[in-house]
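> Sequence:
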Amino acid sequence: MNSEWIWRLRARLGYAVARQLMGWPWLVKQPRAWQWMQGQFSRMANLGHRDAQAFYGHLLLFRGQGFGAREEGLRLLRLAASAGDAKAAYQLGVQALKGDARQAPDALAASRHWAQAAEAGHPLAARKLAELYRDGGPGLAPDGKRADHYAQRASALGL
Numbered sequence: 001m002n003s004e005w006i007w008r009l010r011a012r013l014g015y016a017v018a019r020q021l022m023g024w025p026w027l028v029k030q031p032r033a034w035q036w037m038q039g040q041f042s043r044m045a046n047l048g049h050r051d052a053q054a055f056y057g058h059l060l061l062f063r064g065q066g067f068g069a070r071e072e073g074l075r076l077l078r079l080a081a082s083a084g085d086a087k088a089a090y091q092l093g094v095q096a097l098k099g100d101a102r103q104a105p106d107a108l109a110a111s112r113h114w115a116q117a118a119e120a121g122h123p124l125a126a127r128k129l130a131e132l133y134r135d136g137g138p139g140l141a142p143d144g145k146r147a148d149h150y151a152q153r154a155s156a157l158g159l
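With my numbering, letter number 22 in the sequence shown gets 22, and the count goes up by one each step, no holes.
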């Protein structure tokens, strides 16, 4: 029990330091420092910390290197979204609508993710959802009533 507490404290401290170091571009460009920072992000994400999962998921999705970086980023974003992170849910919607070489664009999945993000207070998700329901998409028929609802939600959230 005592060693687990120390390990968790070390993970939290390492994560906090690594997040602060992200503000130093010259350090981020150093391979050893970057590798250490990624290790701290990964450790905290593996402990189930929602914000770390969202942050590291975005990092892997947009900046990850290697074959599995994108998939690991999406996995972490799914975990963060299921824990209530609005930005992660929004990004999952963007990726679902965009599709990739393995998965066709899926407007229905995008609408589910964006609805979750909009309900959590993400204004851009509400706007995108209004546009999606107004125009329709792959696997999703247009729905004017829902489009109006989410346009009002986006307006209420400041867009």
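Misleading hints may appear alongside valid ones.
Stated by the list, open to error - Each computed DSS-like pair below joins lysine-lysine, with the alpha-carbon atoms no more than 27 Å apart:
{"hint": "1", "residue 1": "Lys-87", "residue 2": "Lys-98"}
{"hint": "2", "residue 1": "Lys-87", "residue 2": "Lys-145"}
{"hint": "3", "residue 1": "Lys-145", "residue 2": "Lys-98"}
{"hint": "4", "residue 1": "Lys-87", "residue 2": "Lys-29"}
Read the hints as simulated data drawn from the structure, not as lab findings.
> With reference to the structure, classify each hint as holding or not holding.
Checked hints:
1. Taken as a hint, the Lys-87 and Lys-98 pair is honoured in the structure, with Cα atoms around 17 Å apart against an allowance of 27 Å.
2. At roughly 25 Å between alpha-carbon atoms, Lys-87 and Lys-145 fall within 27 Å of each other, so this suggested pair holds.
3. A hinted pair counts as satisfied when its Cα atoms are at most 27 Å apart, and Lys-145 with Lys-98 qualifies at roughly 24 Å.
4. Of the pairs offered as hints, the one joining Lys-87 and Lys-29 holds, with about 26 Å between alpha carbons and a cut-off of 27 Å not exceeded.
Comparing the model with each earlier hint shows no violations; every hint is respected.
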